[in-house]
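**Q** Residue-level listing of the chains:
Number of protein chains: 4
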Amino acid sequence: MIIVMQTGAGKEALAEVKKRIKELGYKPHVIHGTTRNVIGAIGDERGKSVLQSLESMPGVESVVPILKPYKLASKEVRPEPSAIEIAPGLSVGGDKLVVMAGPCSVESEEQIVETAHKVKAAGATVLRGGAFKPRTSPYSFQGMEEDGLKLLALAREESGLPIVTEVVNPRDVDLVAKYADIMQVGARNVQNFALLKMLGQLDKPILLKRGMATTIQEFLMSAEYILSEGNQRVMLCERGIRTFETATRNTLDISAVPVLKEQTHLPVIIDPSHATGHASLVPSMCYASVAAGCDGLIVEIHPTPETATSDGPQSLRPEEFAAMMQKLAEFAKVTGKKL
Amino acid sequence: MIIVMQTGAGKEALAEVKKRIKELGYKPHVIHGTTRNVIGAIGDERGKSVLQSLESMPGVESVVPILKPYKLASKEVRPEPSAIEIAPGLSVGGDKLVVMAGPCSVESEEQIVETAHKVKAAGATVLRGGAFKPRTSPYSFQGMEEDGLKLLALAREESGLPIVTEVVNPRDVDLVAKYADIMQVGARNVQNFALLKMLGQLDKPILLKRGMATTIQEFLMSAEYILSEGNQRVMLCERGIRTFETATRNTLDISAVPVLKEQTHLPVIIDPSHATGHASLVPSMCYASVAAGCDGLIVEIHPTPETATSDGPQSLRPEEFAAMMQKLAEFAKVTGKKL
Amino acid sequence: MIIVMQTGAGKEALAEVKKRIKELGYKPHVIHGTTRNVIGAIGDERGKSVLQSLESMPGVESVVPILKPYKLASKEVRPEPSAIEIAPGLSVGGDKLVVMAGPCSVESEEQIVETAHKVKAAGATVLRGGAFKPRTSPYSFQGMEEDGLKLLALAREESGLPIVTEVVNPRDVDLVAKYADIMQVGARNVQNFALLKMLGQLDKPILLKRGMATTIQEFLMSAEYILSEGNQRVMLCERGIRTFETATRNTLDISAVPVLKEQTHLPVIIDPSHATGHASLVPSMCYASVAAGCDGLIVEIHPTPETATSDGPQSLRPEEFAAMMQKLAEFAKVTGKKL
Amino acid sequence: MIIVMQTGAGKEALAEVKKRIKELGYKPHVIHGTTRNVIGAIGDERGKSVLQSLESMPGVESVVPILKPYKLASKEVRPEPSAIEIAPGLSVGGDKLVVMAGPCSVESEEQIVETAHKVKAAGATVLRGGAFKPRTSPYSFQGMEEDGLKLLALAREESGLPIVTEVVNPRDVDLVAKYADIMQVGARNVQNFALLKMLGQLDKPILLKRGMATTIQEFLMSAEYILSEGNQRVMLCERGIRTFETATRNTLDISAVPVLKEQTHLPVIIDPSHATGHASLVPSMCYASVAAGCDGLIVEIHPTPETATSDGPQSLRPEEFAAMMQKLAEFAKVTGKKL
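First to last, the sequence lines map onto chains A, B, C and D.
Here the working numbering is used: the first residue of the first sequence is 1, the next is one more, and so on.
Here the working numbering is used: the first residue of the second sequence is 340, the next is one more, and so on.
Here the working numbering is used: the first residue of the third sequence is 679, the next is one more, and so on.
Here the working numbering is used: the first residue of the fourth sequence is 1018, the next is one more, and so on.
Please note: incorrect hints may appear among the correct ones.
[Said to hold, decoys possible] Computed footprint of chain A on chain C, listed as stretches where at least three residues anywhere in the stretch have a Cβ under 8 Å from a Cβ of chain A:
1) 680-688
2) 705-715
3) 785-794
[Stated by the list, open to error] In silico negatives: residues of chain B with every beta carbon more than 10 Å from chain A:
4) Gly433
5) Val452
6) Ala516
7) Ala647
None of these hints come from the bench; they were simulated from the model.
C-beta atoms are modelled at their ideal positions from N, C-alpha and C, and glycine is treated no differently.
The shape of chain A in the complex, shown without the other chains (with noise of 0.2 Å):
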């Protein structure tokens, strides 16, 4: 931490914050400048947010955190990238290029099925499809709970793919990894630490999205939680953040891509559905996704988008979705993955 001193703070201000520096452990070194003085405070200031509280001294302008506040999520754990496997012989994170595709909502059997063969046959490799749904209104659809996870299973089944599928409760974290291949942490989760923690301890691949307001770095440090309680498969998904425009349902923070691959070795996953919330955005958010080096798609499919129970203006139809997988092969080409 840097602490900056007020312009004509005093010794003994100075003196205070040297004192207190020591006490909380660490070594206090002062650079004395023209105009005012800075005190670094050498010592690993990860979780020691106390330090922070020195703002509160008397002659105490403000405290500039340096170190990253992530420890096993960063490279300097881990320079080299991560390779997660989420099924036997399928890894997210290598020169494999993931596309998770489904229905926002899992509807009745025919419509996953349906979906899931569709999906496979245009080269998706999961089969995405939410059964507990997060709806901002009490009275839109919520899902069809276990139902939808048996429905999910079944598809499976019926198509080979792997399934991945949202937790939403803490308390729903056995059932939902009783069905799933992947546990979904939706953007609204993000920091619901208490469910974070659960799937920590839990031997499946998490895909976690980032929240609409969140920055990179607490982004990372959700991913964190999960981490150092032991389960080191998460995968980050980028989805979207929330500003002032309102062509697009968020902004697709693309540039998060090489952001993230600078400072964590875990893969990144693009979810372009959500992000533009228009079905005629996606498959160009998907090829620039791509082209920015991520490791993975997840996109919304519907046989009929204008019956979807949520979600339909931005799922793309099967037929749609397949001719955006074929440009989408030789973008991924160029970039050395192959789908």
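Fit chains B, C and D to the supplied structure of chain A, relying on the hints for placement.
**A** Coordinates of chains B, C and D only, in the frame set by chain A:
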């Protein structure tokens, strides 16, 4: 809902959309415009998000909701402000301005009891204190948990102040409810719908904080989750939204006070401590909030902010709080409220 | 500036950075940390943005500024608040709360003269009115231009109120200065540096509006452009920032009042009309702004908002304004200011 | 426009609104809903912002625009993409991907001529360089002004590359036009309407940058200012928007590419340098932009970024640029464009 057709969309597309509107139980009403047609779908659109999926039909440009999606939170259901009893003889939402004050985290018996006495002496009528702390970092202090709840109960006994404290995990609802007078939902859990539903079944007042990126409408929908389960005692708490500005921790959206007052009968509380992140900014934001017409405040106080385990920089010292309360009483008087 | 080296950056990289710091006229001071090194560059860093370019050197992770980049606007130069004379006997920044009121656009003699009389009767001491209107659409009414300025001058003569009006083009500075008592810079021109420099050479008070996405620090840098050209009479006007929230036109950043009061000696004015976009929200935001400690308000008033050529929805009717002013006087009194 | 009446608004209020709609030259069409009435105002609403003022009438809840407010920029006027000639034999918007490259600021003859040769060798077809620099601080380097323009002209002569440079003051339009092949409007001037109108009267292509907080719709309205004055050669440039995220200087809104492609015929350019602020992030954002379907890029290059007078941290070295261009060609090929 208003369905806006594309310029040049033909008769068939229009007929298909009209047909689908009828299938969904609405009455279509077409306005033939000079460059495009617009269809009103007459009927109660709330909870029928499936109408939004019409956006996927050929010829449709956009679907624009008209009705507010919440019911029980709205002034249409209850035009007069709700006064919510939070302790015997103490209501929020009437002519009493309720000030809740105390430390971010409960740290020790001495700390919480001393603070309770001091905030009471200054005019606070509720004691706040965190026992379960949702922290961005897994390495930060996570709260004293049940031990913290016990200390809060002790401080209540000593001071006579009712207590408000946060619950973060649906699993802990019963535990926290055993000690707390008011259950607080933190900003990160504003869309933790599993938690909201459980709190909706409780016979306790709820302090629901707005999330960092929650719109007013989404905020009211979260309140609706609690209300629709039966619990009518919901207080809405604005605590700053996330913007580009970094001079403050968040940006206090003080216009949320009159906006909420126009749209809902529920009381509105302001948290200036989390909004600003700096103790020196707290008093003026308290004055502004009261002048804007809020029903209460929740303020962080710590006997020695420079040693606080969390949120030290934004905590007022007891004597600063006492000075602030004196001036606050004068502002409250102008609004017709009393401390 | 603090230069943070990467973990593992070698001695040579450190030596190169130190050498470059010296070349730029600063004194390097190294702190050897536990996991990385940090270099303080001692010297006045203001105006020396080239230091930021050290970020491109091998081994450098980031460059963190410590000093505030503005000088003349800072409290270090002038610790006491500046009271700025805007008309004979009328100053902003002292114990008088100055209310500027009038229509968004000057539309006719009748409209502006009638409004001038009415706002004066209600207690306003400055008349606002736009003659040059920066409009988002080229097809919208662009203002009456010099004819509008003449009508403003007429209204001043009739009412005795000094006038504030916007200048949008450097070319028009002399023309507007011929009529206006206070020159207004609109939110869209907050970084129109050519305009700011010209206004810095004028002997007229300037009302500088914050832009929709301007940080407090950038806002003060824009003021610095005017101050550094010689004109010390600058008033800062917060008028809402752009956020994700759509219930209001912008989000009024009322915490900007105490933040600015900590950082600058310049007076702070609030514009609740553009901030909220809805007349019904304006009075409570006026009360809040005064309670927060602002030095003045600028409010849109129109005799018949439903026929206004611009900004009708956010304009108060004269009788609503008069009612608001009565209550405002009570709030002002608590702050020690008078209307 | 759709005028939404309040629940409970009576017949008289409805009649008054209908009357006023007619007075304004529109045809009212009422839809009687289950809980409230809605009125469509039929007619071309563009440029008639006065309709918005109906919001001030009794009984009106809100006024919702339906039509897009721009005309000449829309695909309704010109459904096919516009190819804009920027130099003899060089067009933007067709099957050629145009890369503009060069330093942020022109600093010396050697710097700009060397850079011109190097970026040309790497495949760039336009040279960028700033002579008038809008800088946040009045104490920062403000550009070489006309001397810089002369050096740009020299570099053009030496390299054969046409030049793009920024104009910041309406007064300088003729001066800059004397030297530049393409006139650039910076992000801070996107709503400097006086400048836009002058550029609309010029016979030069314009590169119009989106502002930090400009919506897509406002961006197109700014283009409309230029188009409506007669100049049809407008290129739209996305350069990052301001959000809460601080890991990047701004957030590149790459979905703006397909959104703009749906709404306008004008070509779309991406500036990844200002968007990200860090050179290491620039190549992947170039790839992503091309994959998303942009028509061109504008990239900052500096022979020695660590000595740059401005924007060093985001400038690529010439050899980094050359390597990036090779890979870019492969991505462009997939999209059917060539470098």
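**Q** Next, verify each hint and record whether it holds.
**A** Comparing the hints with the structure gives:
| no. | hint | result |
| --- | --- | --- |
| 1 | 680-688 | holds (count 3) |
| 2 | 705-715 | holds (count 7) |
| 3 | 785-794 | violated (count 0) |
| 4 | Gly433 | 28 Å, holds |
| 5 | Val452 | 21 Å, holds |
| 6 | Ala516 | 16 Å, holds |
| 7 | Ala647 | 5 Å, violated |
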